[in-house]
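Protein chains in written order, with this note's numbering: chain A, 1 to 270; chain B, 1 to 441.
I should point out that these hints are in silico values taken from the structure, not numbers from a laboratory.
Ideal placement from N, C-alpha and C gives every residue a C-beta, glycine not left out.
Don't take every hint at face value.
Stated by the list, open to error - In silico BS3-like cross-links for lysine-lysine, where the CA-CA straight-line distance does not exceed 27 Å:
#, chain 1, residue 1, chain 2, residue 2
1, A, K227, A, K249
2, A, K206, B, K437
3, B, K142, A, K193
4, B, K328, A, K210
5, A, K154, A, K178
6, B, K328, A, K188
7, B, K328, A, K206
8, B, K235, B, K150
9, A, K213, B, K328
10, A, K25, B, K437
11, A, K153, A, K179
12, B, K59, A, K193
13, A, K178, A, K151
14, A, K251, A, K210
15, A, K188, A, K151
16, A, K193, B, K252
17, A, K154, A, K193
18, B, K290, A, K206
19, B, K361, B, K22
20, B, K150, A, K210
21, B, K437, A, K26
22, A, K191, B, K48
23, B, K437, A, K44
24, B, K353, B, K290
25, A, K191, B, K252
Unchecked claim - Residues from chain B that face chain A, not an exhaustive set, calculated with beta carbons under 8 Å:
#, residue
26, V263
27, G292
28, I421
29, R435
Said to hold, decoys possible - Selected chain A positions facing chain B (Cβ under 10 Å, derived; list incomplete):
#, residue
30, E13
31, C35
32, A36
33, T66
34, Q85
35, M86
36, A88
37, R165
38, N189
Next come the chains, spelled out residue by residue.
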Amino acid sequence: MTTENHNKIKIMEVPTVAAMAAAGKKPDIVFWVGCAGSFDERAKKITKAFIKILTQCDVSYAVLGTEESCTGDPAKRSGNEFLFQMQALTNIQVLNAYEVTRIVTACPHCFNTLKNEYPELGGNFEVIHHTQLLEQLLVQGKLVLQGGSYKGKKITYHDPCYLGRANQVYEAPRTLIKKLDAALVEMKNCKSKGLCCGAGGAQMFKEPEKGNKDINILRTEEALETKAEVIAAACPFCNTMLTDGIKNKEKSAEIPVKDIAEIIAEAQDL
Amino acid sequence: MSYLPNVLFGLLLVGAIVFFIKNLNRIRKNILLGRHIDRSDQKSERWKNMARIALGQSKMVRRPIAGILHIIVYVGFLFINIELLEIVLDGLLGTHRIFAPVLGGFYDFLIAAFEWFALGVLLTVIVFWSRRNVLRIQRFWKAEMNGWPKWDADLILYFEIVLMTLFLAMNAADYALQLRGAADYIVAGSFPISKFLVPLFETITTPNLMVLERTFWWMHIVGILGFLNYLYYSKHLHILLAFPNTYFANLKPKGSFANNPMVSKEVKLMLDPNADPYAAPADDTATDFKFGAADVTDLNWVQLLNAYTCTECGRCTSQCPANLTGKKLSPRKIMMDTRDRLTEVGMHLEKSKSPSINDGKQLLGDYITPEELWACTSCNACVEACPVDIDPLSIIMDMRQYLVMEQSAAPAALNNMMSNIENNGAPWPFNNQDRLKWNQN
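So here's chain B without its partners, still in its complex pose (with noise of 0.2 Å):
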């Protein structure tokens, strides 16, 4: 009987990373779902690319509250994570504060150091649930975080003082116990943030304390497998996701936009008179092609990759032009229905166990409007603006490219500008032979 609690917490510890590694595959393969591009050059580039944004933040901390606030919690989050180890070796072995004797006194400092981070995010998570609902900074209230994604955002904060506040109730038990000198409680760690609660549990017994604190133990680690697993439901996935996300993020100018190779094949073929008109297609032309994009598959799985990235801060919004005046378009939105509708399209391919996502539905159209991708400026603020490096602009002109090349429907004013290049070489009606005559007053 005794072992009861260690084989439970064994269960449920295999059981919480099973259920996690088994929707991260549902992602990988929905990633995997996007077209080929490739990503393996530069590599060297592209791990610093890693280091200075998603590890060093450098991008978060562009805006120095929010970005100041932000490395508080994460590097908290990183440091109580070794507290994590501890806690699951306990669990798995039955063991109480099995660092400590090893550790010495380095584990007081150790200690000491996890309750400050503790209070560290307690604080600054509230203080970020203050600045979306006492402040209501506009980026969190725009039109695309009605409903769920607004759920989601405080949800995850109240997670994270649920979480801090049982880790320091846990040691604060904990604490109150090794003064009191109970069985099985090794006085071993420093508490200076927890030890203000002890008075609060002065009134307890000492066999009642022990549940408590047991209690306190058991929610804390429940609560944290439970978090591990929300990840996959919410928008928090970047914890993991910026690091890859920063890796296989375009490294080229900003302003180069990609080629889209199979339009060079078929206009080099078009300008070489020596090709031959009535030639079958090669193979690699399948049927199903399109140019540009309808839906998430015709996006590359990079594209794909940020859509998951995407935690809903809407950075990229606030610095949208469009968005700023007014316009529909916001590339967040941009982000979040992508991820929906591939979210949506991996379920239907679950369940129908067919390999066609003919379900009726498409990202353009059902979820992102014409009218949103015409209100682009193409300014890059967007795509500068993003902590971990996401694009939405790219998947706003692979869908134009879709609209334009598989559609024609363009703005009738764009139609004008394009006959015109076609025909003179210039976006204006102008003769081609007149270019020069701006040199004549």
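Excised from the complex, chain A in its bound form (with noise of 0.2 Å):
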């Protein structure tokens, strides 16, 4: 169903805070994309499924496009204070220059980062995740959830650990995926005690560590005792890594590793 419209629009119309700038518009919220949604070949799926949600639910957004950097949340991670702080004050220059008061973001870092570590920089935003924005879009009713191909499936929800344990978001993912009348299945350790994917710490960009495993993998075996059908993540990092494991575990053609934007997109028929 998503080939053939993904087949239809060549360019997605995305609108750019510079260009609603310059027509004298301003968005109410930006959607920050981050680097994983804009590079990465498997997140800018989410990317695409995020934005098509926010176009049917008629949401006034914008993204920076070309203005947009990187929050520098790896380069903090790993130790580099400098080019952390050189980043967010790039970018802190930009956003206050649009006046942003607004950010979303399907990144859990960029959110973490944005969200708690801009601040005493100077970048005073309203920051939420992607996740939560979907769940305010089905309260106020512009977002109308009907399980469609993902009714009565089991999925089992992972944990970002910059999502949840690092900013208590647990409820609103998991709101969004028992909206689609799927069975949602726990993994042994989830919630405050998560497991973490393996890329956090800036892990995403180098060689793990000598040890008897990967982190990936671990959690991949967590998820498949689920005997979930889906596994739902809220990260693209996640995305990446929990993809990997399955394909490490050859379970690829059957247990899909969905964002909850593409879920709800597709369960929309988007």
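Hints in hand, dock the two standalone chains.
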């Protein structure tokens, strides 16, 4: 169903903050796409799915496009505080210049950094994760969820560390899954005890240290134990790690790893 | 001569307390070797945190079995301390069961309650010992527990077994004497547990039993004072430090890592077009300042308090994704290393009597290896798991800062990632002008 739609739209119409400003307009909310959402082949699909929902729900949003830059999260977690703060100050300058007040992002790392580490450096915005915005749209009645192809399916949800433990967002993604009439099954380690996918702290960009197993494999095993038919993620990096884990277990054909935004877009037939 | 026991007791008590306070002062001094961090804000939130987590043990019961067992020992310990007050007064004044006439029937209830608590603690401690030594629960057998830490943990349990046994034996002997109507043994108290021990003393003559009762009494109090002073040399300081530690804990969201203020200053200067690049550095940029942490004195005092508070339960390590997959990193070891190094620095300072801690060693390298630091995913599982709000992650991050900003010693792949961010504004080598290209199919 989605491939058909994709073929129809060659280029998605995405408003940029700059273009809106030039037309004397301001979006209600800025969608911070993030580096993964912009460049990573897998994560781009999440970005598109989320844009489709935003468009369907008639949300006034815009992206920064080429004016966006890495939040600095991987630099900070690697110990390069200089680079982090350079990135932060540059981004804050851009955001403040456009008088941005609200930001939504599909990346928990961007979310955490923008929300928690930018204020002290002069960037004060209301920052929400895309699952939180989707939940708000649901409450406002703008997003109507019906199970569609996900009705009755067993879905397990993997808590991203920077969304869950780091910021106590556990329920928004779960509410969305339950609204799809899907059966949410929890892994043995979930919510505040959720096991990391292995990508955080800049591990995404390096080889793991010597051990007896890769972290994403351990987490994939926990997900498989639930006998879920779909693994739901809410972070582009977790998505990559779990997709790799599922590949490693040769289950790619049976068990898709999907972002919550993708699941909702698909259920809506967008 | 009749005052000899009182004087002896007084000397012992004062000696034990003075010695303990001296050591506590050492700890205080060592903690204050840390860098400044302001935790004087949000006082009511802090009190609540302490009440909930330290006093209320809310994070302990997340593992219900260990949590409930721990509460038995904790509550038992608190209540039996009331009895300790009587023992101390008796010892100083030469009285026997001084509270009995004052409290009347309530005294019987109290003594009975203490006995039940003592039995509860005794049985629980045996279960604790079995969990370590019979069930061999994994987290108690990780590499960093080899040697002294393992011994220390068992020793504490033996200490508690002996103390509780002595308490019950002392009561039993007392009760036996009361039953015999021995002089000086006021009929007071109710002994629901120790009464079962009374038959053991049947063949012992009254004078001998009195000697035995005194022996138990003395051994019990000497044991307690000994245990008090053992705290300093053991991992068991959490019974005191859990309180300040939860009070001064980080209250921000766990994902909010501190922004290094020294870096902020420099970065703002770099980005300020009006800044004078040749301006003399301000006075507060001390020459020995370094970015990040290479030794314990580069950490802040709350991190050092964390290190002394750690009781090596290993809940952090058992939740650490790196440790679970066989990497060398163990958050518990980070805390133990920090404490051991800090103790070493403190001793060095005391001996050398100079303010320099140049003993040719440091935390980074001599205790904690870069391999451990680079294995961390910054997932906060360790911080979440700690029953007393210790934050090993902040130490790991500070040490990474030192490795990267002072030594340029990041793994090559991370250096690539960082130069990508510097050059293209993304961790991968993509052109920033292509940022919107995701909208094309």
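Can you confirm whether the C-alpha distance between K178 (chain A) and K151 (chain A) stays at or below 27 Å? Answer holds: K178 (chain A) to K151 (chain A) is near 10 Å, not above 27 Å.
Holds or violated: is there a CB of chain B closer than 10 Å to the CB of Q85 (chain A)? 4 Å, holds
Using Cβ atoms only, decide whether A36 (chain A) comes closer than 10 Å to chain B, and label the hint accordingly. 9 Å, holds
Does K252 (chain B) sit within 27 Å of K191 (chain A), going by the straight-line distance between their CA atoms? Since the Cα atoms of K191 (chain A) and K252 (chain B) sit roughly 19 Å apart, the hinted pair holds (cutoff 27 Å).
Per-residue hint verdict: R435 (chain B), partner chain A, C-beta under 8 Å: 5 Å, holds
Given the hint that K59 (chain B) pairs with K193 (chain A), does the C-alpha gap stay at or below 27 Å? At roughly 12 Å apart (the allowed maximum being 27 Å), K193 (chain A) and K59 (chain B) satisfy the hint.
Satisfaction of hint between K437 (chain B) and K206 (chain A), Cα-Cα up to 27 Å: Holds, at about 26 Å.
So, I421 (chain B) near chain A? Judge it on the closest CB pair being under 8 Å. 5 Å, holds
Given the hint that K235 (chain B) pairs with K150 (chain B), test it: the Cα-Cα distance must not exceed 27 Å. Holds, at about 10 Å.
Should the interface hint for M86 (chain A) be scored as holding, given a Cβ-Cβ cut-off of 10 Å against chain B? Constraint on M86 (chain A) satisfied, holds at 6 Å.
Quick check on the hint: V263 (chain B) CB to chain A CB, less than 8 Å? 4 Å, holds
Given the hinted pair K153 (chain A) and K179 (chain A), is their Cα-Cα distance within 27 Å? 12 Å, holds
Checked against the numbered hints given earlier, the structure satisfies every one of them.
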